[in-house]
Structures are given as structure tokens and as C-alpha cells.
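Start from the sequences, fold in the hints, and give me the full structure.
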Amino acid sequence: MVKAQIRVIYGDTDAMGQAYYGNYLKWFEVGRAEWFRASGKSYRELESGGVYLPVVEAHCSYLKPAFYDDVITIATRFSFAGPARLKFDYEISRDGDVLTRGYTVHVCVNKDRKVLKPPDYLKMLIESE
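Heads up: the sequence shown begins at 25 in my numbering, then just goes up one per residue.
Fair warning: there could be bad hints in the mix.
What the hints assert, rightly or not - Simulated pairs of lysine-lysine, DSS-like, Cα-Cα distance not exceeding 25 Å: (1) Lys27 / Lys111; (2) Lys138 / Lys65; (3) Lys135 / Lys50; (4) Lys65 / Lys111; (5) Lys135 / Lys111; (6) Lys111 / Lys50; (7) Lys50 / Lys65; (8) Lys135 / Lys147; (9) Lys135 / Lys65; (10) Lys147 / Lys111; (11) Lys141 / Lys65; (12) Lys27 / Lys50; (13) Lys111 / Lys138; (14) Lys111 / Lys141; (15) Lys88 / Lys50; (16) Lys147 / Lys27; (17) Lys27 / Lys88; (18) Lys88 / Lys141; (19) Lys65 / Lys88; (20) Lys65 / Lys147.
As the list claims (entries may be wrong) - Label pairs and their calculated CB-CB ranges: (21) Phe91 / Pro143: 37 to 47 Å; (22) Phe91 / Ala62: 36 to 46 Å; (23) Lys50 / Lys111: 10 to 20 Å; (24) Ser66 / Lys141: 15 to 25 Å; (25) Ile33 / Gly106: 32 to 42 Å.
Don't read these hints as lab results, they were simulated from the structure. Glycine included, every Cβ here is placed at the ideal spot set by N, Cα and C.
This is how it looks when you write it as C-alpha cells:
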């Protein structure tokens with residue numbers, strides 16, 4: 025599991041002063057990018073190698089709101105790999121209090137959007153989790 029921290033900015037909040045629900049998916053992406061960096065290969069490097077991971081499914085359970093200026097922690101964990109699919113689980117918390125849980129499922133494709141089996145180096149990153 026890899027953890028990243030960010031601060032909720034004013035622009036991420038709605039008229040009620042809490043984080044807009046759509047931003048949680050953006051924060052999932054922050055967590056996923058940090059997971060890749062911590063595993064030794066950035067997402068940018070994956071794309072440079074011709075591997076893309078579009079989201080094909082996303083789920084988010086909102087338990088408690090985040091607010092402007094909160095420091096939130098995004099915990100990201102790889103949880104499943106199919107023949108061409110990857111799944112990442114996320115938990116967003118504030119001071120140990122869980123705010124949100126969710127996941128995204130990705131399919132490996134090349135730049136022409138043809139489905140690929142994950143390359144060996146990607147499998148190694150995932151297996152090291």
C-alpha cells in the first residue's frame with residue numbers, strides 16, 4: 025500500500041463548503057500515480073513505452089465529507105490483475121478517519137487502443153505490491 029497526502033483547496037469544494045464528489049476520482053488518480061512512482065516506474069514511463077491504462081470502471085463510497093484546507097491521505101493498493109485488467113483500491117482519510125473507499129479498474133491498451141496483456145515489467149511492479 026502506498027500513501028500520499030494532499031490538501032483540499034478551495035476550488036475543490038462546493039457551495040456547502042465540502043469537497044465536490046467528483047474530486048474523489050481525481051484524488052484516486054493522484055494515489056494511483058504515486059503508487060506507480062513508489063513501485064519504481066511512473067505512469068509517464070508506461071505511456072512512453074506504449075502502454076496505456078484507461079479506466080473502464082470506477083466506484084466510490086462516500087462515508088464522510090472532506091472540507092477546504094483538510095489534509096487528506098490517499099492510500100492506494102493493487103488488488104487484482106486479470107489477463108489485461110488491473111484494479112486499484114483506494115481509501116481516503118483525514119487524521120485516521122476514513123472518508124471514502126473506492127476502486128478503479130483499468131485495461132491495458134496500446135496507443136491504437138488495442139487490448140494488450142500487461143508487459144512483464146508491469147506484472148513485476150504489480151507482483152511486488
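Outcome of the hint check:
Simply put, Lys27 and Lys111 have alpha-carbon atoms about 17 Å apart, close enough for the 25 Å limit, and the pair holds. With a CA separation close to 22 Å, the supplied pair Lys138 and Lys65 stays within the 25 Å bound. The hinted pair formed by Lys135 and Lys50 meets the criterion: a straight-line CA distance of about 22 Å does not exceed 25 Å. Using a Cα cut-off of 25 Å, the hinted pair Lys65 and Lys111 holds, with the two alpha carbons roughly 17 Å apart.
Under the criterion of a C-alpha separation no larger than 25 Å, the hint pairing Lys135 with Lys111 is consistent with the structure, at around 20 Å. A threshold of 25 Å between alpha carbons decides the hint, and for Lys111 with Lys50 the separation of about 16 Å falls inside it, so the pair holds. Distance hint between Lys50 and Lys65 is fulfilled; the C-alpha atoms sit about 20 Å from each other, no more than 25 Å. In summary, the hint linking Lys135 to Lys147 is supported, as the alpha carbons are separated by about 19 Å, within the 25 Å threshold.
Using a Cα cut-off of 25 Å, the hinted pair Lys135 and Lys65 holds, with the two alpha carbons roughly 19 Å apart. Distance restraint check for Lys147 and Lys111: the Cα-Cα separation of roughly 13 Å lies within the 25 Å cut-off, and the hinted pair is therefore satisfied. Straight-line distance between C-alpha atoms of Lys141 and Lys65 comes to about 18 Å, which keeps the hinted pair within the 25 Å bound. The straight-line distance between the Cα atoms of Lys27 and Lys50 is roughly 15 Å, inside the 25 Å bound, and the hint therefore holds.
Of the pairs offered as hints, the one joining Lys111 and Lys138 holds, with about 19 Å between alpha carbons and a cut-off of 25 Å not exceeded. Restraint check for Lys111 and Lys141: satisfied, since their Cα atoms lie roughly 14 Å apart, inside the 25 Å limit. Among the hinted pairs, Lys88 with Lys50 is consistent with the structure: their alpha-carbon atoms are about 17 Å apart, no more than 25 Å. At roughly 21 Å between alpha-carbon atoms, Lys147 and Lys27 fall within 25 Å of each other, so this suggested pair holds.
Between Lys27 and Lys88, the direct Cα distance comes to roughly 19 Å. Compliance with the 25 Å bound is thereby established for this hinted pair. This hinted pair does not check out: Lys88 and Lys141 have alpha carbons roughly 37 Å apart, beyond 25 Å. About 33 Å separates the Cα atoms of Lys65 and Lys88, which puts this hinted pair outside 25 Å; it is violated. Among the hinted pairs, Lys65 with Lys147 is consistent with the structure: their alpha-carbon atoms are about 12 Å apart, no more than 25 Å.
Our hint of 37 to 47 Å for Phe91 and Pro143 holds, since their Cβ atoms are close to 41 Å apart. In this structure the supplied range 36 to 46 Å is violated for Phe91 paired with Ala62, their Cβ-Cβ distance being about 27 Å. Taking the beta carbon of each, Lys50 and Lys111 are about 18 Å apart, inside 10 to 20 Å as hinted. One distance hint, 15 to 25 Å for the beta-carbon pair Ser66 and Lys141, holds here, with the actual separation near 21 Å.
Evaluation of the 32 to 42 Å hint for Ile33 and Gly106 yields a pass: the beta carbon distance comes to about 36 Å.
Going down the numbered hints, you'll see the structure goes against 18, 19, 22, while the others check out.
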